[in-house]
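Let chain D serve as the given structure and place chain P on it in line with the hints.
Here the protein sequences line up with chains D and P, keeping their order. Note that the working numbering gives residue 147 to position 147 of the first sequence, counting from 1, and the numbers run on in steps of one. To convert a position in the second sequence, counted from 1, into the working numbering, add 1000.
Keep in mind that the hints were calculated from the coordinates and are not lab data. If you're wondering where the values come from, they're calculated on a predicted model, not measured in any experiment. One should not assume that every hint holds.
As the list claims (entries may be wrong) - Selected chain P positions facing chain D (in silico; Cβ < 8 angstroms):
no.	residue
1	1005
2	1009
3	1010
4	1029
5	1039
6	1060
7	1062
8	1065
9	1066
10	1067
Think of the CB as a built atom: it goes at the ideal place given N, C-alpha and C, for glycine as much as any other residue.
Now for the letters of each chain:
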Amino acid sequence: MADDRLIIAGREFKSRLWVGTGKYKDFVETQKAIEASGADVVTVAVRRVNITDRSKENLLDYIDPKKYTILPNTAGCYTVDDAVRYSRLARAAGVSDLVKLEVLGDERTLFPDTAGLIEAAKILIKEGFIVLPYTNDDPIVAKKLVDIGCPAVMPLAAPIGSGLGIRNPYNLKIIMETVKVPIIVDAGVGTASDAALAMEYGADAVLMNTAIAGSRDPISMAEAMKYAVYAGRLAYKAGRIPRKLYATASSPIEGML
Amino acid sequence: MQDTIQIQVNGEPKAWRSGATVADLLQDLEITSERVAVELNLEILDRAAFVQRPLMDGDRVEILSFIGGGAEEFRH
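Isolated chain D (complex conformation) (with noise of 0.2 angstroms):
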């Protein structure tokens, strides 16, 4: 596709896959598992590094951060304070001012706490952080995220690792005519066709991590979603055919017997 880079916050990125870097058997899988989904950037989440097991190796040494865009998250937290504090480290540690914003409400679905996560996006963004948030299908909160300045929204397809694909596509349209900045759908995305659809919908781009780590082979997953973006998106711009009720011959019926 000539020239359909993906744009967020001055940045520009090939790949309309992003990925998670969770649930991996280990490293080289998640290497391998990235490199076959083709995608640019890549998310990871801040934890206490194991001081007493000296031999553990750094996620690091595989994603290389000169190669890849590291896209820091909040994943784990449940309070406002607790998003802002992590989002300071991951800043902190070096990487950039990226961060992928989660304020969970519940630990069951995983949903966003929506109050949570604008109040902690206003503090961040305050601070100079690009934020791109973890949101649900609500466009009122997506229009919120946007006004208070997220340069894209993060809504969530379906719960957390739930595969269950895209579950409120109406919202999604809505959302889609309710904001102008890009669209990355993130969470709850199950196999290849689930995120053709997404792009088919009109998504900018897709965010996935159990999808790909929680099948039975991660590294063909990987590949098939890499084509399965690139479709839904090529799909997306080639304009689609109407959906009809009746028959329309593709044949004419002159020249008939």
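For chain P alone, coordinates are given in the frame of chain D:
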């Protein structure tokens, strides 16, 4: 004889030699200071201060870095 101080590192109590800096601590723990964030008594420590800041009795140090992951699935 060197003075010993009591500090906390990543939630674990540790005895350390007084006068050691944060940079010394990282070196002793074999942690490269690249892509690591240090929080000292709930305040994020600037990387430049790693060599300057001497550890003191009662200090709580948190050393964090990036790991693979996003939100954990709820385990029923």
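Hints versus structure:
With a least beta-carbon distance of about 17 angstroms to chain D, the hint placing residue 1005 (chain P) at the interface is violated under the 8 angstroms criterion. Of the supplied interface hints, the one on residue 1009 (chain P) holds, with its beta-carbon coming within about 6 angstroms of a beta-carbon of chain D, less than 8 angstroms. Interface hint at residue 1010 (chain P): satisfied, since its Cβ lies 5 angstroms from the closest Cβ of chain D, which is below the 8 angstroms cut-off. The closest approach between the C-beta of residue 1029 (chain P) and any C-beta of chain D is roughly 5 angstroms, which is under the 8 angstroms cut-off, so the hint is satisfied.
Checking residue 1039 (chain P) against chain D by beta carbon gives a least distance of about 6 angstroms; that is within 8 angstroms, so the hint holds. The criterion of a C-beta within 8 angstroms of any C-beta in chain D is not met by residue 1060 (chain P), whose closest approach is roughly 12 angstroms, and the hint is violated. For residue 1062 (chain P), the interface hint holds, since its Cβ comes within 8 angstroms of a Cβ in chain D; the closest pair sits about 7 angstroms apart. The beta carbon of residue 1065 (chain P) is positioned within 8 angstroms of a beta carbon in chain D (closest approach about 5 angstroms), and the interface hint is therefore held.
Below 8 angstroms, beta-carbon pairs count as interface contacts, and residue 1066 (chain P) has one with chain D at about 4 angstroms; its hint therefore holds. Given the 8 angstroms rule on beta carbons, the hint for residue 1067 (chain P) holds: about 5 angstroms separates it from the nearest Cβ of chain D.
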